[in-house]
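Two independent chains are provided; combine them into the complex using the hints.
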Amino acid sequence: MDGRNFKEKVVEMKNITKMFGDFKANDNINLTVHKGEVHALLGENGAGKTTLMNVLYGLYQPTSGEIYIKGKKVNVENPNVAIENGIGMVHQHFMLVEPFTVAENIILGMETTKGIGVLDRDKAIEDVEKLSEQYGLYVDPNAKIQDITVGMQQRVEILKALYRGADILILDEPTAVLTPQEIEDLIKIIKNLTNEGKTVIIITHKLKEIKQVADYCTIIRRGKYIDTVKVSETTEEELASKMVGREVSFKVDKEERETGDTVLKIDNLVVRDNRNIKAVDGLSLEVKSGEILGIAGVDGNGQSELIEAITGLREVESGKVYFNSKDITNKTPREIIDSGISTIPEDRQKRGLVLEFTIAENTVLENYDREPFSRKGILNENKIKEYAKDLIKKFDVRPNNEKIKAKALSGGNQQKVIIAREVSNDPDLLIAAQPTRGLDVGAIEFVHKSLVEQRDKNKAVLLVSLELDEVLNVSDRIAVIYEGKIVDIIDAEEADEKTLGLLMAGRGGKRNEN
Amino acid sequence: MLDNILESLAFILGTTLMYSAPLIYTALGGVISENSGVVNIGLEGMMTIGAFFGATVGYYSGNPWLGFLVGGLAGGALALLHAIASVTFAADQVVSGIAINFLGPGLALFLSRMFFDGATMTRPIDLEDKIPRSLDKILTKGTFIEKVFNQYDTVYLAFILVAIIWFILYKTKLGLRIRAVGEHPKAADTLGINVYNIRYLCVFLSGVFAGFGGAAMSLAVVSNFRPTLISGQGFIALAAMIFGKWKPQGAMLACLLFGAAQGLVVFLGGTEFQVPSEILAMIPYVLTLIILMGFVGRATPPAADGVPYEKDSN
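Protein chains in written order, with our numbering: chain A, 1 to 514; chain B, 1 to 314.
Worth flagging that the hints you see were computed from the coordinates, not collected in a lab.
Heads up, a few of these hints could be off.
As the list claims (entries may be wrong) - Label-pair restraints from in silico Cβ distances:
1) A/LYS350 <-> B/LYS171: 38 to 48 Å
2) B/ILE98 <-> A/LYS130: 47 to 57 Å
3) B/ASP92 <-> A/LYS130: 40 to 50 Å
4) B/ASP92 <-> A/GLY46: 44 to 54 Å
5) B/THR88 <-> A/GLY46: 23 to 33 Å
Stated by the list, open to error - Partial selection, computed: residues in chain B whose CB lies under 8 Å from chain A:
6) ARG133
7) LEU135
8) VAL307
9) PRO308
Note that the structure is predicted; figures quoted are calculated from it, not measured.
For every residue, glycine included, the Cβ atom is placed at its ideal position computed from N, Cα and C.
Only chain B is shown next, with the shape it has when bound in the complex (with noise of 0.2 Å):
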């Protein structure tokens, strides 16, 4: 019985840090735009293309890195036109985000159809060339530990790149400036800190992250791209981030309540509970719903976020 309740936890425990790390990798995306005063609610798109990107060059490449590498690369290059449109030209960046996030998936679906003779999802990546499990080695066979926390790396890399990010944003210069941009960013540019290089900056590394992300998804938790692969987790980790009150730490802890509520779905699918699958794959959407609604509360966004700048207004 109560190797049966370990056994159980283990796994919820695994499949909530598995599900987890594409969400904080995005939402780390979205950290880094807000906090220099861009929103980004593109993330979805981006993520999207990560997603494609990813499977698609490790499919032909057999390099799962080199996949996950030109997975953030390319949600870079989709976050780019969002900041070419909301940082220099000013545009309203909730339509920019939108557009991009019409973008990204259509754009992956007909490279899809193009690289994989019209099929709408890539190929399957072989099982070893997937992301590594490197502690798969070390961690003994059947411990508990091992059950949760034999991972694939890109698991490992997104705490690794929570610390990073929250070191950054609160230990550096590079940090202090990004804040001052996103809270009074006229402030900023009266010190001669260059506020459209570091929006750029935060808006293509966001791209990346979300980019990532994506990757993440497609190259370790499933192997290939498919249509429905992302599904709103853009959005679920835009919702982190908010409930996270745009921290990186914060965020990081609402991604992995979500991973758990995606984490509890897998588990309960696969036990005799008679509930239906459609019932069950709502739950994480619902509690982002629920907790966007209840526990948010007044969290304080910084001042200038979804702020235009433009030098001569008064």
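Looking at chain A on its own, in the form it has when it is part of the complex (with noise of 0.2 Å):
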């Protein structure tokens, strides 16, 4: 292919495991890398794959287990260590310092000094700018972490190992953050870097970036090692069900439907967001029943405000929001809620659920004041328990026990809470705002399938999505939002990425609401 020989042994982790307690987070596993690879770790939420890295990381400390660097045998007892191995770790949350500068947060922990401990400043601006050339990462060394973009911060992440020297660089789930075009800037960034020698271990669940940029795959389920692919001689399906350990399929099977009235009308909406800018900004918009309509837009087009002001959460400055012909503006969420609306929020945790309840009563948070969960202000607990147990049976919560708090559930389980309590409310319209974000294969598939088991009940559907793919897959009729805008509205069948790439944009597109 490219001249790489991947023949050399960079990093060898032998019969890894790592307990916390009980529970055995990595299992006996096998990892082997070669110089100027790039190596996926795949694996579905709470596999392990972050811990294994950690491990080789010396954040923690592997309960058995042996750790090879470029063949020598390494005790990697604490970070210091590895990056004196030339491991460096780009972290799924930046770990970044957000009042300093860009050049401040790549020296930090081994900073350029002049005199006793005083900082040089300059020497450290110029040799974040000559790495910065010789990577093609551009960065402002004298920007602050808390005004840049994110793509940004996360070259400076990057840049941060590269300045200590990493030849071996571990990327933690590095797009789950990103834009479309992000993503493409940061496949060209890996590549730049393994074609100058070094080699990048990505964590990712995401199969489609593995396809793209990866030369082996190893696969990770449930804290054991299952086997170590050649990307180029497998497809996305079989690492899919290895994955996950059973067939997983991608097409969300839905059939052709006709769509009924309009139930949801939108009409030249403004919603200010939290800077009292207008982050909505004269948007119109409408959904038929039997129809999941996407909207596909860059983060911060106005896509959560939309939201919140449907929802009753938002003050609507101007225009009108219609619900099965009846004006529902600025009325309050419970109105709302009642008037048949149901919505799965962008943020479970915050929003969908309240974490230190049970899921029992988290099932009954929209409807415990009124019968049959309570009478005259006292909770009925036991048809609250009855409600739950039926619900966490028809939607396969596990544990399957409605006693158990909501934060103790892994994101899949949260979301299929949310999901049956949205969903049982039997509501007209029915509200997904970046419903599968975080989300594994298998939660994804339950997810997108409940959203067309409503739309073929005749119901509503709003996606909103980051996830261009999601809105592709599962939307009939896709509206592009920019700047707060509809800029155009396709067909599903129609639409590919690259025109939506293109919308999203905020190129090209007729602007069709006014």
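The structure is reproduced here in structure tokens:
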């Protein structure tokens, strides 16, 4: 392919086991990575990928097992040892000090100094500029982290590792927070790095990216090593079934349907965000019964504010929202729920669930105050319990115990509880805001099936997602949002990633709202 | 008339500087600790114990600087308790600080009774054994400048330390690390910076500075220790630190403001002004309240201020 031969082993992790109490996060895992390759570590959420890499980086001590770096056995007791051995890690949640500048973040811990301990900022900036040129990682060394984009912050993280002389880079879920354009840039960066002789280990559960960028892929399931495969000789389907342990279908099965009446009508809506800037700026949209309308767009183009305005959580400045021909503009959330709108909120831990409550309590959050769940202000716990047990069974929530707290559930199961509650209201309109964010393949499949079920029951579904694939696969019609306006609406069958990508970036399309 | 006004002004400015100094030391202590991410409301207790040890060692040794130093170390020793509780054992930093605030004055009183035949206050230090006034011989007596700036050496030292701490926090490697630990300890940890060591160092130093603050009170402003000597100045210093937005120079300006309130109290107390002394004595505290309510606004503390760092938490 490109002159890289994967002969020299740079990382060997042998029989790594890591226990947290009684829980085996890593169970006898082996991993071999060669110089110059991009090695993907694939597994569902909670499979133990990040734990394994934290062991390699010295953040955790393995319960048993051995680590060899460049052929030498190393006891990685802390990150310093990892850094000395040329390992750098970019964490999923960036480890950047927000009020510091880019240069300060990069040199932190390995500061350039003059005299006794006095910072040499000029030298730092010079070093950062040199590095960023060498690897094509453009950053402004004087900008503060809090003022730059997420994609830029990620480059700072990569530079941080390179500054420490890393030649083995671990990237933990690097694309989770990026826009499609930023993902393309990142893939270019990774190729640049391997061309310069660096080795990259990338943790992910996104199969498409593995196909795009990785040479080898090691699959982990429930803490156990499953297989290592050459990416060019495998398929996404094969990788998925190895990761989940069963066949997974990517295609969302749905039949042709006739759409019915307009359920939700938004007319020239204007909504301001927390900074008092118009986030939704004259937006018009219709959702009909029996269809899934997907809203595609880059994060921060007014999606969150739009949902909040429809559901009564944010004040509408001007314009109207009609639901089943009734004006629901600026009604309270309770009135809106009662009129027949259900929402799967964007942030399931903040708005979807009360984490400290049990599953049972969470299932009745919207109707605990009425029969049969309470009478004259006293909760009927038996009824709530029965109801919850029923939902747990129907929606396959695990563990199937209504008494445990919502915070103890995995992301996928938390989402199941929310969907169970919202769908059981039998709403005419279901709003799903980023319903699969952070979920793994199995859970995503379930969420998509639930949305299609609503549609097939002749309900209206409004889906907002930053994942282009999701919008493309699930929706019947796709509306593209850009700077608070719908710039175009396309039938899903005629849409492709490229057209949508351009529209999302504000290029092309007819402004059809005025 | 003009002479009278200048006279009064010089007096007020002079007392302002004198009363600001103990606050500045203590507020600097707060700045150091909180920039590393440890809330230190125990400043009051540390200041009290520093005042006691300063006065006691000063009295017995006849060397005020030795007393000053031991006062600082005593504050530092008490701060180590705070560090053990809040850094090593990740205890709630406010609760630990409250405990320190009970422990400091209690211990000071207990030791006072032990060393001074059951008296609750230490014996006064001879005038010539107090902290010296080095500029006394240089400045011409009776001038405006002399009246304002002829101060105990602890006053000059306080302002010098403001500059030093500012330089350390913003211009050195150590300062960058301290602020990183206070903002994002996990980030610092992943870069191989020892969060615990930095926090221990900063909490200890904050105690030393609060101890200096107490000793500057008992060795310079007055000449002995008594249970009511500190009475809330540690808290005022804490307020000054917040008002000063967790920065040394800001804290210094806030301390000068509070010191000015104290100076005004002393000045008005000496005039024929018919205000009950109890009301006058309230001024600095009321000022603290008003400032904290109205003028602080959206000052942002270090992001990890008050959050214990535990390694294995995800």
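Exercise for the section: Compare the structure with the hints numbered earlier in the document and write down the numbers of the violated ones, lowest to highest. Expected result: Per hint list: 4, 6, 7, 8, 9 violated.
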